[in-house]
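Undergrad: Produce the entire structure from the sequences given, and follow the hints as far as they go.
Just so you know, we're using the numbering used here here: the sequence shown kicks off at 42 and counts up by one.
By construction, these hints were calculated from the structure, which means they are not laboratory data.
Please note that the accuracy of each hint is not assured.
In the DMTMM-like style, the derived pairs of lysine to aspartate or glutamate whose C-alpha atoms are separated by at most 20 Å in a straight line are [as the list claims (entries may be wrong)]:
| no. | residue 1 | residue 2 |
| --- | --- | --- |
| 1 | Lys274 | Glu383 |
| 2 | Lys485 | Glu459 |
| 3 | Lys485 | Asp288 |
| 4 | Lys331 | Glu296 |
| 5 | Lys123 | Asp288 |
| 6 | Lys331 | Glu302 |
| 7 | Lys485 | Glu523 |
| 8 | Lys394 | Glu383 |
Remember, predicted model here, so these are calculated numbers, not experimental data.
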Amino acid sequence: MLTRPGYDASDSGPIGLDDRPRPASSRARIIKGLKQSAPFSSLQRRIIFFNLIGLALLVAGMTYLSNDKRNLIDVYVDSLRKQGEIIAIGIAETAATEFDGKPAYDPVTSSTVLTRLAQPTGVRIRLYDRGQRLTADTYNLSGAGPPIEVTELPPPMKPGRINEIVGRFERLYDQIASYFAEVPEIYYEVPTAGISRDEEVLRAARGQIAHMVRVNSQGEVVVSVALPITRLKAIMGVLQLSTVGGDIESFVEDERKAVMEVFFLASIVSVLLSILLANMIASPIRMLAKAAQSEGANAARPLNPDKPEIPDLTHRTDEIGELSDALIRMTSALYTRIDAIESFAADVAHEIKNPLTSLRSAVETMHYAKTPEQRQRLLDVIQNDVKRMDRLVTDISNASRLDAELVRERMESLDLGELITMLAGVTEAQGADNDVRVVTNLPKGAFLTHGLEGRLAQVVTNLLGNALSFSPRGSTISVTGEKLKGGMVRVAVEDEGPGIPPDNLQSIFERFYSERPDTEVFGNHSGLGLSISRQIIEAHGGEIWAENREVMEGGGRPKGARFVFELPE
42 MLTRPGYDAS
52 DSGPIGLDDR
62 PRPASSRARI
72 IKGLKQSAPF
82 SSLQRRIIFF
92 NLIGLALLVA
102 GMTYLSNDKR
112 NLIDVYVDSL
122 RKQGEIIAIG
132 IAETAATEFD
142 GKPAYDPVTS
152 STVLTRLAQP
162 TGVRIRLYDR
172 GQRLTADTYN
182 LSGAGPPIEV
192 TELPPPMKPG
202 RINEIVGRFE
212 RLYDQIASYF
222 AEVPEIYYEV
232 PTAGISRDEE
242 VLRAARGQIA
252 HMVRVNSQGE
262 VVVSVALPIT
272 RLKAIMGVLQ
282 LSTVGGDIES
292 FVEDERKAVM
302 EVFFLASIVS
312 VLLSILLANM
322 IASPIRMLAK
332 AAQSEGANAA
342 RPLNPDKPEI
352 PDLTHRTDEI
362 GELSDALIRM
372 TSALYTRIDA
382 IESFAADVAH
392 EIKNPLTSLR
402 SAVETMHYAK
412 TPEQRQRLLD
422 VIQNDVKRMD
432 RLVTDISNAS
442 RLDAELVRER
452 MESLDLGELI
462 TMLAGVTEAQ
472 GADNDVRVVT
482 NLPKGAFLTH
492 GLEGRLAQVV
502 TNLLGNALSF
512 SPRGSTISVT
522 GEKLKGGMVR
532 VAVEDEGPGI
542 PPDNLQSIFE
552 RFYSERPDTE
562 VFGNHSGLGL
572 SISRQIIEAH
582 GGEIWAENRE
592 VMEGGGRPKG
602 ARFVFELPE
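TA: Written out as structure tokens, the structure reads:
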């Protein structure tokens, strides 16, 4: 037994270096290389395969419908019957005579008439007397003798690859069709002057028109039609017309060849069109994939000097144009998100640096504090800065997790009126020391919206807390709700504080923006509350804004601030 080096015949497998397990990345590169070296891409192969499958089914259907032998047999039966009726009339009119006082035909005259009339038909015609004895046969007019089966030689096959393929297809088709087709009777020749026992001849002798389908020794179909020869309603004899073995098969073969030729030509055209279609689809997709892959690879690098561009194919009106538009918008949103993260990181660093600077100064000054009162003041500063940093880090952590939670959690229908009523009671309890009241004016019945209850509660809490911070002693905070046309709901939170400077109506929703009352201790708020509220409302498909209540007569200060947000039901 010959073995290659590195192979142990007694072992279960090779132990050579070439057969060591390859890493997954190596196998992936090999598979990718095989795909790239293939004559057609995967998409091209799929399109070609499905197009050829559809074309093959169409050709099979055409072959089945056009080559149905039963339809051809019906056509031949009808044709033979019409020809037989004409020939029977001719024999009855020209060769009629009497034998033993009964109507009969003259054999000599009938043979002459039969020969003249059968010549243009191309079919075999036999003539029987009233006793079913064969008296004339267009295939054997030489007199009595043994039965002779005549089989024509097939035409020579034209050389060529297509003819060979068509021949194999025909043989395969015949083998498959033979399993489902009924086997006809075997055809036997009747000798001249012999008596026929054919069923159709016996029935025709009784005045009926009948036909039979048989096969000869070559397996070729032979269709026979027998009809009586009558004169003045008297039966003179029987006329039998038969097809030549192979006539039907020849017609079917010609039809198959024509269909197969069309199939091969259509297959070539289909393959070429499939390649063209695949290239029209695959080329832009490959270009988009390459750009997207380059985009992702460069995004992972620490340094990205060249920003890849997604090819702009939005001028196309098909799905590829939609894909290009989606990738462009996705890439733009990605870079916008990256810029926002960088800006957020810079803002976080700036906001954390302020309490850290104060904390460092207090720690450095602690060494110079001489009295307990000075040390206590410094400790109060340190404690306040630590609380401020803890609050800031907590709010930053909540803000950074907000996007993930909004995407991950499932929105449900909730009663916004019930939620506002509960939170208004909590806020009124917090403002009891300053005698601040919270009044709600909500629609009767269910005040429904669709969203995340916890996050919407956070928005209402932020707005109520903000209003409580700016509300003077003995004032009132009003919360109103209403249903709008178009399937939207609106909630407004109003206070009686100093209002908002007109230039800051938009900037108050920016991160780390904080403008608090003079009576409030600095550092108790991180400036992220309104920014988070806007992010939550927009994620719910709504809108939030701020405005001042109407100005007092004479152009004085505003009567207070109003925060409004709208949400879809």
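Undergrad: Now tell me if each hint is right for this structure.
TA: Going down the list of hints, with the structure as the test:
1. Lys274 x Glu383: 111 Å, violated
2. Lys485 x Glu459: 11 Å, holds
3. Lys485 x Asp288: Distance of about 91 Å is beyond 20 Å: violated.
4. Lys331 x Glu296: 50 Å, violated
5. Lys123 x Asp288: 18 Å, holds
6. Lys331 x Glu302: With a Cα-Cα distance of about 42 Å, the restraint between Lys331 and Glu302 is violated, given a limit of 20 Å.
7. Lys485 x Glu523: Answer holds: Lys485 to Glu523 is near 10 Å, not above 20 Å.
8. Lys394 x Glu383: 16 Å, holds
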